[in-house]
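Sequence lines, in order, name chains A and B. For what it's worth, the working numbering labels the leading residue of the first sequence as 10, then goes sequentially. For what it's worth, the working numbering labels the leading residue of the second sequence as 211, then goes sequentially.
Because the hints were derived from the structure by calculation, they are not lab data. Mixed in with the good hints there might be a few duds.
[Said to hold, decoys possible] Heads up, simulated EDC-like pairs for lysine to aspartate or glutamate below, C-alpha to C-alpha not over 20 Å straight-line:
1. K355/B to E137/A
2. K358/B to E333/B
3. K169/A to D189/A
4. K262/A to D485/A
5. K337/B to D697/A
6. K413/A to E438/A
7. K355/B to E702/A
8. K258/A to E438/A
9. K435/A to E418/A
10. K355/B to E704/A
11. K636/A to E294/B
12. K404/A to E89/A
13. K581/A to E566/A
14. K636/A to E333/B
15. K337/B to E89/A
16. K358/B to E89/A
Residue strings, one per chain:
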Amino acid sequence: MTLSTAAVGRSIPRLEARAKVTGRAEYVHNMSVPGMLIAKVARSNVAHGRIRNIDVAAARALPGVFAVYTGEDIRKLIAEPYYGPAFHDQPILAIDKVRYAGEPVAVVLAADAHVAENAARLIEAQYEALPAVYDEVEAMTSKAVVHEVLKPAGTFADLKHLKDKRDTNVALDFHLRRGDLGRAFAAADHVFEHTFRTQQVLHLPLEPFATVAIVNGAGDDSLTLHSSTQSPSFVRTEIARLFGWTDNKVRVKVPYLGGGFGAKVYVKSEALAAACAMLAKRPVKFATTMEEQFYMITKHATTLRIKSGVMQDGKITARECEVWWNGGAYADIGPRVTQKSGFTAPGPYDIDNVHIDSYALYTNLPAAGALRGFGIPQLVWAYESHTDMIARELKIDPLTIRRKNILREGWPQATGTLMRDAALEKVLERLAQRMQWEKPFQRGSGTIKRGRGMAIGFKASISPTTSMAIVNLSADGSCALYSSTVDMGQGSDTIMAQMVSEVMGIPIEKITVVHPDTDVTPYDMATLGSRSTFHMGHAVKNAAEDARDKLLTLASEVGLSAETTPIPDIFKKKYGMLAGNIVGVGSFVPSYQSPDARGQTENATPFWMIGATGAEVEVDTETGEFKVTRLVNLVDVGKSINPAIVETQISGATVMQLGFTLQEQMNFSDGHVTNASLADYKIPGMRDIPPMENEAVDAEQKSGPFGAKGVGESGTFGVSPAVANAIDDAVGVRLTSLPLTAEAVYRGLREKAGKPLKDS
Amino acid sequence: MNITRTINFTLNGEPVTAQIATHQNLVEVLHERGLTGARESCAQGLCGCCTVLVNGAAVSGCLYLAAFADGAEVRTIEHSENGELDAVQAAFIETGAFQCGYCTPGMVLMTRQLLDAHAEPSEDEIKHYLSGNLCRCAAYPEIIKAVKLAAAKRKIERKGAK
Ligand code: FES
Ligand code: FES
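Work out the full structure: start from the sequences and follow the hints.
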């Protein structure tokens, strides 16, 4: 064993780099196995309706069709075919009624994908239309009820009170109470109240969802699933639960993912593929198209009302937040978003008196889940726009008002949890420096006006969650890391190998990362919410330390010094030849305390993520068109394990959120998505990228592995409000709904000039 | 019920004969032959994930009927002159110009075509050429760096060859 190779902190290229540039990296969407049938789905064409009849005769009669199944066929296999992480509310295929336009009602299996697709189009279903609800605020009181009875999964204590509740669309109501709000509002010099909205958007990884399900052996009730999932351990348990099996009957294997961003967590394409394979007793592949992604999972549209009591000097003394999350037809992980992100709704500010009411709502739209930020970008959009609106009214500089109110190290956040290793101030100050905020700013001339804006947000980690890892050292001194963390592009394989290398002093080339395979790699809660670096990082570090300690013991047992003896010689001395191995195991679960009835807890999160963005814009006062001319992104990720990968995570997150800020929006007509393709739903391309600067501030997460913490989402936090604040700074037009469009700016300009456009 | 026909083409330098259905696109036929570097994503000619070179020109394999490849010379990302990475691939690795890697084969092939036409492209030419290739991970800043580095690497190679 030699001394540390100092692998941590270095920008080494990704382990799989060669496979990716030669087109040889494996993705489930491109996978095929012998004898495989292709599944194609027929989807509902009403947003809410009772199923009268599903006519599959024509589809079944089409030559080449192997089978056609409906919800009733699935029910013969699985008595209660409903799945979901928070609620068991989502049927594998619709049963009795459909709850959104695009819901799967039947599936066709054929060896030829084109045959399956043609047959699926021949399926005719009749519905008795039911009144539908689409708006999240209306859903609170609407007579249209999406689910007659609520069925919480029982995993979460705070959902128990919703069990068997009838005639409500509220899938979770989270409340936080701190201080005396009424008194603080009465004592405040000013009270400001604003309402903000965000639109429904979606992840759109370029590899859509895909699962290949294989029934193992004849008559054997067990399944192997190759799946594009971010949560192999969850999929195993949930599929096993559906079939009434023990976990060992389901094996989930995950190669690389062509992007995930939160889309591929929990069960997505897996349940249908598994059920079809079991019914057909043949391998079945269910791979969605790009269009179908619009019906799978999306990001919550939200309405956010925020009201603040403020003193003349800009000190915020009271804040009331109401947030309505449009969860669509199935809860997915929405209730967790409502609570875990909900409690940061007042922003990273020191406010003594706070009320938060956060509601997860069912509506008749495609389901919403977690998308790169777990609800945080929606909240930051509201509170950071609100911050600037207050500052403008009080004629205080936007930086000054933030400095005055920002939470400092060791101060309590709204839950009562103290801020620890949260570099809020540092991030804010570095942002101000890089933007040269306190220097004069060129405001443009003629019809082109320039403006700048800033925004800062923060996020808690989802807790408590568990990670396990195994490090297997071979006699020749190479080793394998077994972990169920999924590398979907964020570079986890590489940084985990760096951690093993650092602990064991083994060069990176001699470390293999074994991809998730639930028969082989141990449990991990999921790859989501920027949790892997911290949670799996700890588990991997523990496993590597365990292996190292066992090696030290072995060396001393055979009378050798582990410090100076090459690893193979230690094994040779013990086993007489190059044989044997050492298995190190590690696990990690952080401590956590559930919030009480007032939303208070001393320990809300194992770490805080911080992200801020500064934006400069140019606005054409004649047309409302605007251009983002500069984005400065600052984050606190603790210590970077791989600085180059960290930087790509910051810029990638920023650009994605810029898409949600400026161009992306799912459009609906009577609950039908009207732009379900890349032709009509434009994601950022090469020409949409403004000049960007990214920086991870010099910081350390003392409780993190090697001082590190999560990074994948932080770049998203500040983008939307920073741009809106910059537009307001340039031309005095305040936009409160996303996306920010030239039309909205133009309407604002006309209104300001006293000549509002009539047709709005 | 499928109408099938036989086509002959050169695939990465090897002559092949394939029995195809007339509605099949080039990506499907390549996948049947185990080549999955060209992959369908948008299926509308909008993302570039399915890029294949037909007679030296980049096409969207998702829209390119396999039947049209009859008699053509087809190259995919899997093709390599000598088993080595070329300047473009090496530059993509050195600059970290990908995350999930799903778009990468298309980006690499398109960059080669760009550099064949413009040995030292400006930033604007890079953006113009690659604007038909989407990357949801948004590795764009690194991709631009990779293209510039690849251009520099090729220049050195040309000098060496002289
Ligand atoms: S899949 Fe062919 S261009 Fe997108
Ligand atoms: S690297 Fe993921 S889509 Fe480009």
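To see whether the hints hold, each was checked on the structure:
About 57 Å separates the Cα atoms of K355/B and E137/A, which puts this hinted pair outside 20 Å; it is violated. With a C-alpha separation of about 8 Å, the suggested pairing of K358/B with E333/B holds against the 20 Å cut-off. Distance restraint check for K169/A and D189/A: the Cα-Cα separation of roughly 29 Å exceeds the 20 Å cut-off, and the hinted pair is therefore not satisfied. Restraint check for K262/A and D485/A: the C-alpha separation of about 28 Å exceeds 20 Å, so the hint is violated.
Among the hinted pairs, K337/B with D697/A is consistent with the structure: their alpha-carbon atoms are about 10 Å apart, no more than 20 Å. Pair hint K413/A plus E438/A holds up; C-alpha atoms about 12 Å apart against a cutoff of 20 Å. Only pairs whose Cα atoms come within 20 Å are accepted, and K355/B paired with E702/A is accepted, the gap being roughly 14 Å. Between K258/A and E438/A, the direct Cα distance comes to roughly 54 Å. Violation of the 20 Å bound is thereby established for this hinted pair.
At most 20 Å may separate the alpha-carbon atoms for a hinted pair to count; K435/A and E418/A meet this at roughly 10 Å. Distance check on the hinted pair: K355/B and E704/A sit about 18 Å apart at the alpha-carbon level, within 20 Å; holds. Restraint check: the Cα-Cα separation between K636/A and E294/B comes to about 42 Å, which exceeds 20 Å; the hinted pair is violated. About 60 Å separates the Cα atoms of K404/A and E89/A, which puts this hinted pair outside 20 Å; it is violated.
Taking the CA atoms of K581/A and E566/A, the gap is about 13 Å. The hint holds against a cut of 20 Å. Between K636/A and E333/B, the direct Cα distance comes to roughly 18 Å. Compliance with the 20 Å bound is thereby established for this hinted pair. Taken as a hint, the K337/B and E89/A pair is broken in the structure, with Cα atoms around 52 Å apart against an allowance of 20 Å. A C-alpha spacing of about 57 Å is found between K358/B and E89/A, which places the hinted pair above 20 Å, so the restraint is violated.
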